[in-house]
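Participant: As given, the protein sequences belong to chains V and C, one line each in that order.
The first sequence begins at 1 in the working numbering and counts up by one.
The second sequence begins at 1 in the working numbering and counts up by one.
Bear in mind the hints are in silico, worked out from the structure with no lab data behind them.
Treat the numbers as computed from the prediction; the structure is a model and nothing was measured.
Watch out, some of these pointers could steer you wrong.
What the hints assert, rightly or not - For lysine-lysine, the following DSBU-like pairs were computed, each having C-alpha atoms within a straight-line distance of at most 35 Å: (1) V:K309 with V:K216; (2) V:K298 with V:K216; (3) V:K298 with V:K309; (4) C:K165 with V:K216; (5) V:K298 with C:K165; (6) V:K81 with V:K298.
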Amino acid sequence: MPAIETVDLQREYPARRGPGLRAVDGIDLAVAPGEVYGFLGPNGAGKTTTVRMLVTLLQPTGGRATVAGYDVATQPAEVRKRIGVALQAAALDLLMTGREMLLLAATLHGIPPADVADRGADLLERVGLSAAADRRVGTYSGGMQRRLDLAMALIHEPEVLFLDEPTTGLDPTSRLTLWDEVRRLRDEGTTVFLTTQYLEEADQLADRVGIIARGKIVAEGTPATLKAEVGVPHLDVTLAGEDHRDLAREVLARFGDGRPPTEECDLSVALPDGSAGLAPIVRALDEAGVQVASLDVKEPTLDDVFLAKTGEHLEGAD
Amino acid sequence: MLRPTLALMRRALRNAFRRPQFLAPLVVFPSLFLAVNTGGLQATTGLPGFPEVNSFLDFQLASAICQSTMLGGVSAGIAMALDIEAGFFDRLVVSPIPRTAVVLGRVGAAGVLGALQAVWFLAIGFIFGAEMAAGVGGVLVVIALGVISALAFGSFGVLIALRAKNASTVQGIFPLVIVGLFLSSAFFPADLLSSPADVIAEYNPISYLAEGLREPIAFGWDAQVIVEGFVAGIALAGIGTSLAISALRGRLRAAR
Ligand SMILES: Nc1ncnc2c1ncn2[C@@H]1O[C@H](COP(=O)(O)OP(=O)(O)O)[C@@H](O)[C@H]1O
Ligand SMILES: [Mg+2]
Numbered sequence: 001m002p003a004i005e006t007v008d009l010q011r012e013y014p015a016r017r018g019p020g021l022r023a024v025d026g027i028d029l030a031v032a033p034g035e036v037y038g039f040l041g042p043n044g045a046g047k048t049t050t051v052r053m054l055v056t057l058l059q060p061t062g063g064r065a066t067v068a069g070y071d072v073a074t075q076p077a078e079v080r081k082r083i084g085v086a087l088q089a090a091a092l093d094l095l096m097t098g099r100e101m102l103l104l105a106a107t108l109h110g111i112p113p114a115d116v117a118d119r120g121a122d123l124l125e126r127v128g129l130s131a132a133a134d135r136r137v138g139t140y141s142g143g144m145q146r147r148l149d150l151a152m153a154l155i156h157e158p159e160v161l162f163l164d165e166p167t168t169g170l171d172p173t174s175r176l177t178l179w180d181e182v183r184r185l186r187d188e189g190t191t192v193f194l195t196t197q198y199l200e201e202a203d204q205l206a207d208r209v210g211i212i213a214r215g216k217i218v219a220e221g222t223p224a225t226l227k228a229e230v231g232v233p234h235l236d237v238t239l240a241g242e243d244h245r246d247l248a249r250e251v252l253a254r255f256g257d258g259r260p261p262t263e264e265c266d267l268s269v270a271l272p273d274g275s276a277g278l279a280p281i282v283r284a285l286d287e288a289g290v291q292v293a294s295l296d297v298k299e300p301t302l303d304d305v306f307l308a309k310t311g312e313h314l315e316g317a318d
Numbered sequence: 001m002l003r004p005t006l007a008l009m010r011r012a013l014r015n016a017f018r019r020p021q022f023l024a025p026l027v028v029f030p031s032l033f034l035a036v037n038t039g040g041l042q043a044t045t046g047l048p049g050f051p052e053v054n055s056f057l058d059f060q061l062a063s064a065i066c067q068s069t070m071l072g073g074v075s076a077g078i079a080m081a082l083d084i085e086a087g088f089f090d091r092l093v094v095s096p097i098p099r100t101a102v103v104l105g106r107v108g109a110a111g112v113l114g115a116l117q118a119v120w121f122l123a124i125g126f127i128f129g130a131e132m133a134a135g136v137g138g139v140l141v142v143i144a145l146g147v148i149s150a151l152a153f154g155s156f157g158v159l160i161a162l163r164a165k166n167a168s169t170v171q172g173i174f175p176l177v178i179v180g181l182f183l184s185s186a187f188f189p190a191d192l193l194s195s196p197a198d199v200i201a202e203y204n205p206i207s208y209l210a211e212g213l214r215e216p217i218a219f220g221w222d223a224q225v226i227v228e229g230f231v232a233g234i235a236l237a238g239i240g241t242s243l244a245i246s247a248l249r250g251r252l253r254a255a256r
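Based on the sequences and whatever the hints tell you, model everything.
Facilitator: Pasting the structure below:
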């Protein structure tokens, strides 16, 4: 049984005039237990709407979804017992201290009163907030608030964890800390449904990635297969001067198909064998007397996948 | 059911004391109003139609408690709306707790504050020479009715918040509620109100609540007036709470 399954899931927001907006337009998902599923898409793609439906905060207007085996529309109470949720905007009370928030979360999740304090302290430790536990949440940095939000989502050891853009707006250090925590959860066997605008994040964390654009999944697979589908690594060449451009192009043509160069390079060539194909090219350029300023081997990215499927770049593409 | 309700009630109370800027007006304004009224309007007790009372202060204490718990209801609504705005409400709603606990915790906290508000005004009253016509038992009646009045106003505050979803709208409703208070016998005996205010006051449940609060302080033990006060308050609280719970359910069904 999948941990998350959706069939033709839809959500339409009514418009003041005319037809409503199909924010989620027929999504089919099957996330296996223990899997980290990355839901990658630009702003406004429908990620949050999908998550809100899966966590029972929003009624689907079409199709159906089950989480941990229970239908989100007809058995929301069963779903809520089994999920942890960290929404895109941290759902915190700035007047409470971190410890108070965790104790409240523990109580609301029915953790026996005798265990509440220990469980809260353990989680504060785990997310590195022990020292700040008795300070009001309003004094926390963005990264600390995210970590507290995550701790609250984990208080009852949920089967399925939903993280909606957990690192958007975080500094790089906080981002890495959060990544580590997600990896640890995966190692512990928690199913994680993670949305992100950052391809690197999906690439690093997800066992499988679904790319969503305008409410539809446009590609799905492991990061490696997705990237393999759209292409091979390529070599970007920047020349030292203009003189040898034609010569250089001739040399490169011997090694394979040229690609349109990007703004950052003069010439680009596909490298079907990856970096292994690099040495002969370098030697050939050298023998022909071409002066090269830099050579860059570029692996295909999920942005290439997005580009291939939608004709646009991802905003979060670095 | 009980455990999450109590936990949410405790949190609501603790937060109320952490927002002194919201808490203080609940007692400060009605206290000032009380001071101005008893200072300036003492003469009204001599008007024909004004009931026989010891002092205008005895009469006005119930008004102050009513006004204070009503402000408490507005603040409960604002606190609920702020939870919705901050997204904290979403967290409550995705927790495996009965929906009713979300409403009952908030309304219950208003009730506890209501007891404190009643005690505050009784204390001020006694300091400035008010007397309790019904004796010690009367103190308990006033506190109990203070709680019920706070539950009633609190439930409507929460109802409005669940419908309005943002704190500024809740705040905007506030003048309307004040009008409701003035169109009752909370501040002046219904006999002294002119038409149509007197008719409205006669059917306004707040009148019964206010008179129930006033009876033991200013007059004594008229069981009917006191019982009517309890009935009106409990009915208001019951209606407000049920409407708030169904507003919450409806809100979740539609989810925006
Ligand atoms: N409550 C709402 N009412 C109307 N439209 C909405 C609402 N929430 C989101 N939308 C619209 O639905 C689309 C998807 O939004 P969202 O799910 O938040 O995307 P993402 O999380 O991927 O950025 C956007 O066009 C957004 O403007
Ligand atoms: Mg979003």
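Participant: Would you pick out the hints that fail for this structure and give their numbers low to high?
Facilitator: 5 and 6
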